[in-house]
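Peer 1: What follows is each chain in one-letter form.
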Amino acid sequence: GAVVSQHPSWVICKSGTSVKIECRSLDFQATTMFWYRQFPKQSLMLMATSNEGSKATYEQGVEKDKFLINHASLTLSTLTVTSAHPEDSSFYICSAPEGAGTETQYFGPGTRLLVL
Amino acid sequence: AQTVTQSQPEMSVQEAETVTLSCTYDTSESDYYLFWYKQPPSRQMILVIRQEAYKQQNATENRFSVNFQKAAKSFSLKISDSQLGDAAMYFCAYFKMEYGNKLVFGAGTILRVKS
Numbered sequence: 001g002a003v004v005s006q007h008p009s010w011v012i013c014k015s016g017t018s019v020k021i022e023c024r025s026l027d028f029q030a031t032t033m034f035w036y037r038q039f040p041k042q043s044l045m046l047m048a049t050s051n052e053g054s055k056a057t058y059e060q061g062v063e064k065d066k067f068l069i070n071h072a073s074l075t076l077s078t079l080t081v082t083s084a085h086p087e088d089s090s091f092y093i094c095s096a097p098e099g100a101g102t103e104t105q106y107f108g109p110g111t112r113l114l115v116l
Numbered sequence: 001a002q003t004v005t006q007s008q009p010e011m012s013v014q015e016a017e018t019v020t021l022s023c024t025y026d027t028s029e030s031d032y033y034l035f036w037y038k039q040p041p042s043r044q045m046i047l048v049i050r051q052e053a054y055k056q057q058n059a060t061e062n063r064f065s066v067n068f069q070k071a072a073k074s075f076s077l078k079i080s081d082s083q084l085g086d087a088a089m090y091f092c093a094y095f096k097m098e099y100g101n102k103l104v105f106g107a108g109t110i111l112r113v114k115s
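Quick mapping for you: the protein sequence lines, in order, are chains R and S. Take the first sequence: its position 3, counting from 1, is numbered 3 in this note's numbering, and each next residue is one higher. Take the second sequence: its position 11, counting from 1, is numbered 11 in this note's numbering, and each next residue is one higher.
It should be emphasised that the hints constitute simulated quantities derived from the structure, not laboratory data. Worth double-checking, as some hints may not be accurate.
Quick list of in silico lysine-lysine cross-link-like pairs, PhoX-like style, CA-CA up to 25 Å [as the list claims (entries may be wrong)]:
1) S:70 - S:96
2) S:78 - S:55
3) S:102 - R:20
4) R:41 - S:78
5) S:70 - R:41
6) R:55 - S:96
7) R:41 - S:55
8) R:66 - R:20
9) R:64 - R:14
10) S:70 - S:114
11) R:55 - R:66
12) S:102 - R:66
13) R:55 - S:114
14) S:96 - S:114
15) R:20 - R:64
16) S:73 - S:96
17) S:114 - R:64
18) S:102 - S:114
So here's chain R without its partners, still in its complex pose (with noise of 0.2 Å):
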């Protein structure tokens, strides 16, 4: 299958500083891609999704300014935790469908952010 990676794994930042998390389709292009938040032993729950040349779409909710997704190439999504609390500790993950309009995604490893 497809395959899709993040950067970084792991991010530990302070209280009010800003983080910024990738994600890239190592083997395909994606105008679509998803980013969502996930707690221990819980389900996955959609924030946004990214779109190539356009604003992403937020999901109700969530913080527009607050979550700041770029989607900067066919190839590259990034997700950025603006003035980080430890309320937005969480593991983050992305996902992206092989081919425009295919319905089986491919997800990143995820990244845990730990805000201190």
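Chain S: place on chain R using the hints.
Peer 2: Below, chain S without anything else, positioned relative to chain R:
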């Protein structure tokens, strides 16, 4: 709105035995996709199996098979000859192309494998 329900928060199985994980979903659509994803302790989401709703034949991938009952809106996963490496959280998911290409996940089932 589409919903996916996994009613078993946790399941246990003895190594080499068979276990079935349950999943039901709610939709008014006739054409859609269903998936089972596995999330081991590493937390990497791994696609286990997928089913296209218009296909009556149940999908199979080695030791993993599904029992797809479209009328009952049921999509269970059977794991045969369970192995220690099968221990993980399993998520059932629904997909319909027109709904923003989003996956709708169930709450998940933690599977423990006993040696």
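Peer 1: The structure should be examined with respect to each hint, and the outcome stated for every one.
Peer 2: For each hint, the structure was consulted:
A threshold of 25 Å between alpha carbons decides the hint, and for residue 70 of chain S with residue 96 of chain S the separation of about 15 Å falls inside it, so the pair holds. Note on residue 78 of chain S and residue 55 of chain S: the hinted pairing holds, with a Cα-Cα distance of about 18 Å set against a maximum of 25 Å. Taking the CA atoms of residue 102 of chain S and residue 20 of chain R, the gap is about 23 Å. The hint holds against a cut of 25 Å. Using a Cα cut-off of 25 Å, the hinted pair residue 41 of chain R and residue 78 of chain S holds, with the two alpha carbons roughly 21 Å apart.
Simply put, residue 70 of chain S and residue 41 of chain R have alpha-carbon atoms about 29 Å apart, too far for the 25 Å limit, and the pair is violated. The hinted pair formed by residue 55 of chain R and residue 96 of chain S meets the criterion: a straight-line CA distance of about 22 Å does not exceed 25 Å. Our distance criterion of 25 Å between C-alpha atoms is broken by residue 41 of chain R and residue 55 of chain S, whose separation comes to about 32 Å. Straight-line distance between C-alpha atoms of residue 66 of chain R and residue 20 of chain R comes to about 12 Å, which keeps the hinted pair within the 25 Å bound.
Annotation: proposed proximity of residue 64 of chain R to residue 14 of chain R holds, straight-line Cα distance about 21 Å (limit 25 Å). A distance of roughly 32 Å separates the Cα atoms of residue 70 of chain S and residue 114 of chain S; the hinted pair therefore is violated under the 25 Å criterion. Annotation: proposed proximity of residue 55 of chain R to residue 66 of chain R holds, straight-line Cα distance about 15 Å (limit 25 Å). The straight-line distance between the Cα atoms of residue 102 of chain S and residue 66 of chain R is roughly 22 Å, inside the 25 Å bound, and the hint therefore holds.
For a cut-off of 25 Å, the pair hint linking residue 55 of chain R to residue 114 of chain S is broken: about 48 Å separates their Cα positions. Among the hinted pairs, residue 96 of chain S with residue 114 of chain S is inconsistent with the structure: their alpha-carbon atoms are about 36 Å apart, more than 25 Å. A C-alpha spacing of about 15 Å is found between residue 20 of chain R and residue 64 of chain R, which places the hinted pair at or below 25 Å, so the restraint holds. Of the pairs offered as hints, the one joining residue 73 of chain S and residue 96 of chain S holds, with about 15 Å between alpha carbons and a cut-off of 25 Å not exceeded.
Annotation: proposed proximity of residue 114 of chain S to residue 64 of chain R is violated, straight-line Cα distance about 44 Å (limit 25 Å). Proposed proximity of residue 102 of chain S and residue 114 of chain S is contradicted: the alpha carbons are some 35 Å apart, above 25 Å.
The earlier numbered hints that this structure contradicts are 5, 7, 10, 13, 14, 17, 18.
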